[in-house]
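Trainee: Protein chains in written order, with the numbering used here: chain G, 1 to 350; chain A, 1001 to 1350; chain U, 2001 to 2350; chain D, 3001 to 3350.
For the record, the hints were derived by calculation from the structure and aren't laboratory data. Be aware that a few hints might be false.
List time: in silico DSSO-like cross-link candidates among lysine-lysine, alpha-carbon distance up to 27 angstroms [unchecked claim]:
{"#": "1", "chain 1": "G", "residue 1": "K145", "chain 2": "A", "residue 2": "K1145"}
{"#": "2", "chain 1": "U", "residue 1": "K2145", "chain 2": "D", "residue 2": "K3006"}
{"#": "3", "chain 1": "A", "residue 1": "K1070", "chain 2": "A", "residue 2": "K1080"}
{"#": "4", "chain 1": "G", "residue 1": "K115", "chain 2": "G", "residue 2": "K80"}
{"#": "5", "chain 1": "A", "residue 1": "K1006", "chain 2": "U", "residue 2": "K2195"}
{"#": "6", "chain 1": "D", "residue 1": "K3070", "chain 2": "G", "residue 2": "K6"}
{"#": "7", "chain 1": "U", "residue 1": "K2080", "chain 2": "A", "residue 2": "K1006"}
{"#": "8", "chain 1": "D", "residue 1": "K3080", "chain 2": "U", "residue 2": "K2195"}
{"#": "9", "chain 1": "D", "residue 1": "K3080", "chain 2": "G", "residue 2": "K67"}
{"#": "10", "chain 1": "A", "residue 1": "K1145", "chain 2": "A", "residue 2": "K1119"}
{"#": "11", "chain 1": "D", "residue 1": "K3115", "chain 2": "U", "residue 2": "K2195"}
{"#": "12", "chain 1": "G", "residue 1": "K6", "chain 2": "G", "residue 2": "K67"}
{"#": "13", "chain 1": "D", "residue 1": "K3080", "chain 2": "G", "residue 2": "K6"}
{"#": "14", "chain 1": "D", "residue 1": "K3195", "chain 2": "D", "residue 2": "K3176"}
4 protein chains.
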Amino acid sequence: MLIVMKPSATGSEIDAVVKVVEAVGFRAHPMPGATRTAIGITGNEGPIDGRRFENLAGVAEVIRVTKPYKLITLDLRPDKTVVRVGDATIGDSELAIIAGPCAIENREQAFAIAKTVQKSGARFFRGCVWKPRTSPYTFQGLGEKGWEIMSAVREEFGLKIVTEAVEESHVDLIEKHGDVIQIGARNMQNFSLLKRAGRSRLPVLLKRGMAATLEEWLLAAEYIMAEGNYNVILCERGVRTFAQHTRNTLDLASVPAIRRISHLPVIVDPSHGTGTAYMVTPLARAGVAAGADGLMIEVHNQPELALSDSAQALTPSQYLQLVAEVRAIHELVSSNGIAVSESQHAPADR
Amino acid sequence: MLIVMKPSATGSEIDAVVKVVEAVGFRAHPMPGATRTAIGITGNEGPIDGRRFENLAGVAEVIRVTKPYKLITLDLRPDKTVVRVGDATIGDSELAIIAGPCAIENREQAFAIAKTVQKSGARFFRGCVWKPRTSPYTFQGLGEKGWEIMSAVREEFGLKIVTEAVEESHVDLIEKHGDVIQIGARNMQNFSLLKRAGRSRLPVLLKRGMAATLEEWLLAAEYIMAEGNYNVILCERGVRTFAQHTRNTLDLASVPAIRRISHLPVIVDPSHGTGTAYMVTPLARAGVAAGADGLMIEVHNQPELALSDSAQALTPSQYLQLVAEVRAIHELVSSNGIAVSESQHAPADR
Amino acid sequence: MLIVMKPSATGSEIDAVVKVVEAVGFRAHPMPGATRTAIGITGNEGPIDGRRFENLAGVAEVIRVTKPYKLITLDLRPDKTVVRVGDATIGDSELAIIAGPCAIENREQAFAIAKTVQKSGARFFRGCVWKPRTSPYTFQGLGEKGWEIMSAVREEFGLKIVTEAVEESHVDLIEKHGDVIQIGARNMQNFSLLKRAGRSRLPVLLKRGMAATLEEWLLAAEYIMAEGNYNVILCERGVRTFAQHTRNTLDLASVPAIRRISHLPVIVDPSHGTGTAYMVTPLARAGVAAGADGLMIEVHNQPELALSDSAQALTPSQYLQLVAEVRAIHELVSSNGIAVSESQHAPADR
Amino acid sequence: MLIVMKPSATGSEIDAVVKVVEAVGFRAHPMPGATRTAIGITGNEGPIDGRRFENLAGVAEVIRVTKPYKLITLDLRPDKTVVRVGDATIGDSELAIIAGPCAIENREQAFAIAKTVQKSGARFFRGCVWKPRTSPYTFQGLGEKGWEIMSAVREEFGLKIVTEAVEESHVDLIEKHGDVIQIGARNMQNFSLLKRAGRSRLPVLLKRGMAATLEEWLLAAEYIMAEGNYNVILCERGVRTFAQHTRNTLDLASVPAIRRISHLPVIVDPSHGTGTAYMVTPLARAGVAAGADGLMIEVHNQPELALSDSAQALTPSQYLQLVAEVRAIHELVSSNGIAVSESQHAPADR
C-alpha cells in the first residue's frame, strides 16, 4: 500500500501517519519527493483496509498495491484446474455443457428434457428443486419431492446432477443425491453458505452476483477454497446495468480477465445473462468464442408453459442447434492454440 | 397484464395466444384495434410471469399492469407503521437514530462509543458481532464473545441493541440478547434468512441490496411480513453504480418513492452510503430533509484504529454535531406538514 | 398508450383524464374492468410524451405501447441494409474490418500501420485526426495536418478512410478527403452533428453512447435517417457500468437485439469496449460469434509509444492473428444459416 | 505515477520499462522492494496516459498518483468562486434559484410562469428555446422565435435568463439576449461547444453528463476555464443507473465531493434528477441540506399540457411551497457554520 501525502503536508503530519501505520502493526517507508511525500507500507500478511488512513491530516490519497487473493491465483497454481465429476470434466479440453429446465416441475417434464440433454451429448443436467424467487407469492420449487425426480433422472440418463443450494441444509441433500453444488447469484456473498460448500467433497459452481466486481467474485471463491474445497467453477451470468433490453448485461470480458488471474475454470450462462430465448444462442456462441470452458443453458419441453423463467428457455430443437454451433466454435478456438496465447505466461508477442 | 400483438399478427396467432393464456388458468380478453390487437388477462391471484408469452408467434410485447405487492402497500394499511422497541419508536414523530461502531472490538471501545451515543439522545446502539466481509482473510467479528459486551452495553446505557444476523442461528441469539434484527445488503435476497426473521417477535431492519430495484427490496419485505412479522424498517444504504467517488451511490429518491407506495418506515445509512467520513454529515442532513424516519450512523472513539470501515466512521465530536444538525432539519421538515403533502392521499395541489 | 386508473378512481377523475387526452389532440378509449378502468389512446402520429398524464388525479400508471421508431425498423425494410463504400461493403456476406491507430501521429506511423491493415485484407483504415479527449491537457490530434497523411494512405494503400467528426465543420473535410463519417460515443446525442451527418452523401458509423439505452441509440440513427441519409452503421463499443476490470462493459446482446428490430448493420469495437490489449482478441471473436457484421480494431506499430489509448492497441502480429481467427468464426457462423434463424421473420422453431 | 512490477519481473524487464519511460520524456525512479520493484515517474507537466506501460513485459499494475486538474482546484483558489450575474449571484451566501418551464412554448405560458418565479424571489428564469430531444419526432423548441419571448420576460420581470446552447451558434444568440449559458448533460463532452463557451463573457452552467464520473465532469469544467472563462457553475442532475423508479439517480454525494476539491459553486436539479413531480420537493430539500449553492426547478402553469417533461413540472403552488421550505433549510444549514466545517482547510475535528 502507498499513502500519498498532500504537497502541503507538514513534517509532523507525516510523522503522525507513520505512527498510526506502526500502531496497527506494519512498517512505514516514507519516500520524500520533489513536491510531495509518499509512504510505502509493508509487513502485512493479508490485505490491509487502507481506508483507515484516508482521514488523517495531510493525506491526499491511499493506493492499494497488493491484490487480496491467495488461493485462486495463477501464482499459486499455474495450470488450469480441471474439475472432475465422475467421468465428466469441466476445465479440460472438452466443452462442458450443463443444461436443463429452470425448475423441476414434474417427472414427465424432467424426463422429456433430460432425454434432449442426453441426446445433445451434454454430461450435466441442471434443475432447481428450491427456487430463490423475488416474490414470496410465486412458485418456489418442488423441494424434497423434486429429489426423487432428480435421482431418477440421474439413474435413467447417466447425467451428473447440478442443483442450487439456497441454504446450508440443502448442501447435505445435494451431497446425498447430486453431483455439483450451485451457489446462485443472490447468495454469492452468503458467507455461511460459502463456508458450508467449502467443507463439501462436491464441486461448487459459483455464480457471479448481480453487482459483483471481479474481485468480490474471486474472493467468494477464496471463501470456498479457504475451507479446503478446491473444485470451484466460476459462472458468468450477467450483471445489472442501466440497459433494459436484456434481463442482465452479460459481461464476457470477465472470461479473459479471470483467465489472466486465476486457474479456476469459468463457464457462461447466456440464459440468465440475457433472459430472452432469441438471444441465448448468439450469446452462447459468443461466450465460447471468448474462451469459456462451458455453458449453462435452460431448455424446456414446453417453454410457454414453464412455471418460471419461461421467456428464456429454449425449445429442444433450438437447444440441439445451439450445441452443434458452440461445439464447432469451441473446436475452432481450441485447435489453434488461442487459449495459450492469452495466458500471462505466454512469451510477449512482438 | 396486457399482451400486445404485432400489426402483422394473424387471426390464428391471436387464437393460439388465447389458448396458452387459458391453458395456464387465466382469462383472455382480446381487444382488436385499428392497427393491432391487444389481449387483456384477468383471473390471476398473484402476479403472473408474463414473460412466458413473449416468445409466442405474433406477440410484440407483454406489459405487466398489476404490482406484485400485497402487505407492504398503503392500500392495505393507509397509515404509516410505527415500530415500537420498548419505549423507543421508529416511524413516529421522533427522528430515530441508530449509532455505533461498524464492529464490536472490545469492551473499552464499545463502552466509550455507547457513552457518546447515549449522550446524543439516540435510543439505538448498533454494532456487528458477526461481520460479513468480502475477503475471508479480514476481521470477521468477535462472534458470541461480542454478545457479552453487547449485553453489558444494553444494561449499562439503556440503549436498544441492533445487530446483523448473517445466518439463521444468529436470529436465535439476537432474540435472546438484542432488540432489532438487521438483515444486511448482501443478504437482502437470502430468502431462508428473511423467512426466519419473519417468524421472530423482534422488529427487522432490512437494508437495500447493492443492486436491488425498489420492487425487489419491497418484495424482500413481503417475505418477512408474509411470515407474520409486520415490524419491518427499510434502510436505504446506497446502490452500486459506475460512480467511484463514493463507496455506493446513496439513492435518496427511494425515500419519497417508498412513502408513496408503502406504510413501512424508512431510514437512511449515510455511512455505508458514502463510505467516507467527510460526506456522512451532509448526506445525513440530506436524508432527513428528504423525509427519512431515521438514520444509521457509524461512530468510533478512534476511527483511525478501527478494525473495519475506518474511513467512514465519525469521531464522537463529529457525530454529536451531526445529531444536532439533523434534529434541527427534522424539526423544520415535520413542523410544516411536509410529510402529509407527499402522501398520495393528499388532495391534489392546484 | 394505455392509462391505467387506480381501483379507487372516481367517474369524474376518469372523465377529467379523457378531457386532457382530447385537449392535446388524441382520442381516448375508456375500458372499464372488474377492479379498475384503463384508457387506451389512439390518433397519435408520432410517440406521445405520456408522462404528462401521470400526475392527474386517479391515475395509477401510464404504459407506452407504440415504439418510437420509424425508419430503422424491419417493418419499413425487411432486408438488411448493405452499406456500400466504393467496392467495399458493410452488412453483406463479407465480414467488414475497420482497423488503424487511435490517432494519426505522423506519416511513418500511419504508413506502417496501413501496411499491416492492407496485408490483413481489411478494406477500411480508421484513425482520428481530431481526438475528443477527456482532459484539455492531453494530445488532441493533428487536426488538418492529419488529412494530408490520411489522403496519402488512401491513395497509397487503396483503403477506405473512416474518421470521427467532432464538430459540424469536420463533416465538410471528411466529405472532401474521407469515406465514412464516424460519430463518437460522446456525441451520440449531439443532435446538430447528427443532422449534419444526415445531410451528407457519405455513410455514417454511429457509436453507442456510454450510457445509451438501445432505444436512444436507435433514435440517434433515426435523426440521421430523417435527414435522408440511410447509410448508417451502428457500432457497439461498450457501456459504462460498475465493473472496473474493463474500461467499458461490452454489451454483445445488443447485436441480436438490433437484428430483431432493425435492418441496419451493426459492428463491434472490442478495443474501446475493453480498453486492454489482452482482451481484444477474445472479445472480437465473441462479437463475430454473436452475429456482428464487422469489427473496429485498434492496431499500432509501437503500442507502448502511442500518444493515446496505448493500453488497448494490438501489435501488428496480434492483429493479424485476430483477423485470421475472426474470419474463421465468421465463416462458420454464416455458413449454417444462423443469421437467418435469428430474424423475427423466421418461421417459429418447434 | 507508479509502475508496479511483478514479483517475477527480471532485471532486463525493469530496464526495458525504464527505457520506455525515458523515451516518452519522463524520469524513471526504480525502487526495489523485498518482493517486487516499483518504478516512480516524475517530470510530467500534465497527466500521463499511464496505460501505455500496462502491456510491457513484467508490469503488474500502473497506478496514477497525480490528479489531472489544474484550474478547478482549491489548490489554485482556496475560496469559493462567486459567480455574479448583474446584481444576482451564485455561490454566495444567498441560495440561488433558477426556475422556469422545460421549454418556452408561447408568450402566455412564459409570462404566467415568470410571474410565479418572480413572486418566489428567485432571480433566474430558465427555459429552453432549443430542446435536445431523444426522438427527432418530438417538439424541438421554438428556436429563434423563442428569443422574442425570452427578451420580453427579461425586460418585464427583471429576471436573469438561463438557456441551453445545443450548438456553437447558439452561444452567439445567448450572448446577445441572455445571461447564463447552459451546457446540457448530453453535451458535457462536446468539447467544441465547451471551448466556445469558454471564450464567452457569460457564466456557464455545466450539467453533469448522464454517465460522467466526477473527474470527467470537472475536466469538462477545465475545458471551459482553460479558454479563460472562470465563471463556471456545476449542476448535479442525476446519473443513469439500474434503478428504474426515477428517471435518473440523483447523486447528492457529488456536492460535498466537489466542495472538497474545487472552488466552483454547485447546484442541484431535482426536476431532471427524479423526473417525477412528487419527488422534486423532497429531493430539493435534500440537495440544499447537502450543501448545494442553488437549485434548478421546473415549474409550469399547466403541467399536464406541457409540450415536454410534463411529468416532472411542479404547479405554481407546489413550487412556491418548495421555495419556502428550501430557504428555511438553507438558513439553518448556513447559520451554524456547516459550510466551513466541510472544507478540507478546516482544522481536524477531534
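Trainee: Now tell me if each hint is right for this structure.
Mentor: We went through each hint and held it up to the structure:
1. K145/G <-> K1145/A: Distance of about 40 angstroms is beyond 27 angstroms: violated.
2. K2145/U <-> K3006/D: 41 angstroms, violated
3. K1070/A <-> K1080/A: The hint holds at about 15 angstroms.
4. K115/G <-> K80/G: 32 angstroms, violated
5. K1006/A <-> K2195/U: 31 angstroms, violated
6. K3070/D <-> K6/G: Holds, at about 15 angstroms.
7. K2080/U <-> K1006/A: 20 angstroms, holds
8. K3080/D <-> K2195/U: 40 angstroms, violated
9. K3080/D <-> K67/G: 39 angstroms, violated
10. K1145/A <-> K1119/A: Holds, at about 26 angstroms.
11. K3115/D <-> K2195/U: 36 angstroms, violated
12. K6/G <-> K67/G: Holds - the C-alpha atoms of K67/G and K6/G are around 25 angstroms apart, at most 27 angstroms.
13. K3080/D <-> K6/G: 20 angstroms, holds
14. K3195/D <-> K3176/D: 18 angstroms, holds
Taken one by one, the earlier hints fail for this structure at numbers 1, 2, 4, 5, 8, 9, 11, listed in ascending order.
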